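K.L.:
So the protein sequences, as listed, match chains A, B, C and D. Just so we're aligned, residue 1 is where the first sequence starts under the numbering used here, counting upward by one. Just so we're aligned, residue 334 is where the second sequence starts under the numbering used here, counting upward by one. Just so we're aligned, residue 431 is where the third sequence starts under the numbering used here, counting upward by one. Just so we're aligned, residue 528 is where the fourth sequence starts under the numbering used here, counting upward by one.
A hint or two may mislead.
Listed next, the in silico DSSO-like pairs over lysine-lysine satisfying Cα-Cα at most 27 Å (straight line) [said to hold, decoys possible]:
hint, chain 1, residue 1, chain 2, residue 2
1, C, Lys479, D, Lys620
2, D, Lys600, D, Lys574
3, B, Lys399, C, Lys477
4, D, Lys620, B, Lys380
5, B, Lys380, B, Lys399
6, D, Lys593, C, Lys523
7, B, Lys380, C, Lys496
8, C, Lys523, B, Lys399
9, C, Lys496, C, Lys477
Hint data in this document are derived by calculation from the structure and do not stem from the laboratory. These numbers were taken from a predicted model, which means no experiment stands behind them.
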Amino acid sequence: AYKLWVPNTSFDTASNWNQNRTPCAGDAVQFPADKMVSVLVRDSHAISDMLLPLDGELVLASGAALSAAGGDSDPACNPGAPLLFRNPDRFSWLDPHLWSSGTQAPGLFSVDAERVPCSYDDVLFPRDGSFRVALGPGPNPVHVRSVSAVGQTFSRDEDLTAFLASREGRLRFHGSGALRVGSQACTDASGCVCGNAEMLPWICASLLQPLGGRCPQAACQDPLLPQGQCCDLCGAIVSLTHDPTFDLERYRARLLDLFLKQPQYQGLQVAVSKVLRDAHTEIQVVLVETEHATGAAGQLGHALLQDAVAQGSVLGIVSATLRQSGKPMTADS
Amino acid sequence: ETGTPEQKLQKRIADLHQPRMTTEEGNLVFLTSSAQNIEFRTGSLGKIKLNDDDLGECLHQIQRNKDDIIDLKRNTTGLPQNILSQVHQLNSKLVDL
Amino acid sequence: ETGTPEQKLQKRIADLHQPRMTTEEGNLVFLTSSAQNIEFRTGSLGKIKLNDDDLGECLHQIQRNKDDIIDLKRNTTGLPQNILSQVHQLNSKLVDL
Amino acid sequence: ETGTPEQKLQKRIADLHQPRMTTEEGNLVFLTSSAQNIEFRTGSLGKIKLNDDDLGECLHQIQRNKDDIIDLKRNTTGLPQNILSQVHQLNSKLVDL
Chain A
1 AYKLWVPNTS
11 FDTASNWNQN
21 RTPCAGDAVQ
31 FPADKMVSVL
41 VRDSHAISDM
51 LLPLDGELVL
61 ASGAALSAAG
71 GDSDPACNPG
81 APLLFRNPDR
91 FSWLDPHLWS
101 SGTQAPGLFS
111 VDAERVPCSY
121 DDVLFPRDGS
131 FRVALGPGPN
141 PVHVRSVSAV
151 GQTFSRDEDL
161 TAFLASREGR
171 LRFHGSGALR
181 VGSQACTDAS
191 GCVCGNAEML
201 PWICASLLQP
211 LGGRCPQAAC
221 QDPLLPQGQC
231 CDLCGAIVSL
241 THDPTFDLER
251 YRARLLDLFL
261 KQPQYQGLQV
271 AVSKVLRDAH
281 TEIQVVLVET
291 EHATGAAGQL
301 GHALLQDAVA
311 QGSVLGIVSA
321 TLRQSGKPMT
331 ADS
Chain B
334 ETGTPEQKLQ
344 KRIADLHQPR
354 MTTEEGNLVF
364 LTSSAQNIEF
374 RTGSLGKIKL
384 NDDDLGECLH
394 QIQRNKDDII
404 DLKRNTTGLP
414 QNILSQVHQL
424 NSKLVDL
Chain C
431 ETGTPEQKLQ
441 KRIADLHQPR
451 MTTEEGNLVF
461 LTSSAQNIEF
471 RTGSLGKIKL
481 NDDDLGECLH
491 QIQRNKDDII
501 DLKRNTTGLP
511 QNILSQVHQL
521 NSKLVDL
Chain D
528 ETGTPEQKLQ
538 KRIADLHQPR
548 MTTEEGNLVF
558 LTSSAQNIEF
568 RTGSLGKIKL
578 NDDDLGECLH
588 QIQRNKDDII
598 DLKRNTTGLP
608 QNILSQVHQL
618 NSKLVDL
């Protein structure tokens, strides 16, 4: 499996500037003096003044241009205060918002810890874009299978270490954390534990930073907290123990095809993964009611229990348990 | 973006005449047109370097070469002319003996 | 994304070789890689200036120096050699007297 | 803008040392401060060109000019001096006759 890094540090990305727009003709722009960064320029920009970082680079894509602002700047542009390039150090490896696992079928999601690269993942940074990643905080090195960046794939620690120490590497990776590659791909058909459990406090801190570090209140009584999730949620959790014939992908497909397509389950989101609980591995099936609590999660949970009993020997399921959150809270309670 | 299509075209033409740094097939190109310059300025202790060459040093050498050439011209013009005529005079004196 | 694997590889190499303006501890460095050039192209009235020097002027001075040196060589080679032999001849004639 | 006066001062000092690309009366100006350099670096096969001139070639020509000037000096100094004194000796010998 792979995880793709989403944010970039491009000149042409509006959200990288403090006014949420790219520079227009006649603007004065500033990069933070002390923040190392590689910035890709794709378009043409006429600029009246630009302060560059003390250590950094502007990479000019084919056809890109930086020119002196002409006598009359764009009348639609209103250059007042200088346009500031946002702190490029703000993107943390541990932030679940900043990763994509490519095409995920509608109705499926990943618990927060598994939105960040797992130890068996291949990590891809955009090949034709500039980016910057903060490693850490957290006491443990991050382990992944491989890292692909600037047109190279690193799957041996010594190669990655040399890259991280190079100028190319230092422009793109910073922070106190360590990054290691070379861990095994997941070859167990029943799934593999992601391995981010010890990182969860830092992952959740990154996730919740925009919310002031606090989880939103769950809209039900006795909410549930799945393994690897940062905040309580309303719905149900089915826990499966299994034998070696269990196939995680086949079970996910079965969930999608047999259950989630039924009209009464349309509003549900499901996460299925192997997790560690009380020193044992189990398959965790998280059922979340995304909009209004209708009780559909509990219904599906019961259906899955019945399915496990009826088809357990075929599916490789040994036992199944169900937990459910309590009654929905009314608007005025 | 606002403005009539004509204003935009005018603007684009004006922009094209501004000095610029751009790329063409992987080459880094600094362009001026009309009467505008592209200037590179360092502080008093800073250098401008072209690959391994210190441009300031090179410019000094150009000036030193120029000065040396002026000296050489002064030394060589006149002197051989003068000598040549002296030698010719000697020759005629010898013939007269 | 489209293209044959070879085209993609070519593209990847091109990506790595994009020209860049880099800063290193406050130094400003313009970089191209491998076979790519850095080019300055001026319009008829535009100049490239490096600190107080006009780069075009400097290159002209180099050429002027070169032309002057060619002239100096033409004026000085032959002439002294010729004179030396004439003086030697005069000397031997004097001894013969 | 926020920050204590001290933070603002720090920021302004930092600004002063940041390399900068700016526009002055339509000219495009690249600036570094005090002891910082501006460098142009190509790969081993890349050239630095001003219009049609290869700047690396031009810098070589400066060195060639310098070498030629040294040769010219060697050929012209000494030789005419020597000749001059020889011609003077010849003159006095002729007078003595």
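K.L.:
All hints, please: hold or fail.
P.N.:
Structure-based check of all given hints:
1. C/Lys479 / D/Lys620: Judged against 27 Å, a Cα distance of about 62 Å means the pair is violated.
2. D/Lys600 / D/Lys574: violated (33 Å)
3. B/Lys399 / C/Lys477: holds (22 Å)
4. D/Lys620 / B/Lys380: violated (61 Å)
5. B/Lys380 / B/Lys399: Status holds; Cα separation ~22 Å.
6. D/Lys593 / C/Lys523: Violated - the C-alpha atoms of C/Lys523 and D/Lys593 are around 41 Å apart, more than 27 Å.
7. B/Lys380 / C/Lys496: Given that 27 Å is the threshold and the Cα spacing comes to 26 Å, the pair holds.
8. C/Lys523 / B/Lys399: violated (43 Å)
9. C/Lys496 / C/Lys477: holds (23 Å)
Of the hints listed earlier, those the structure fails to meet are numbers 1, 2, 4, 6 and 8, in rising order.
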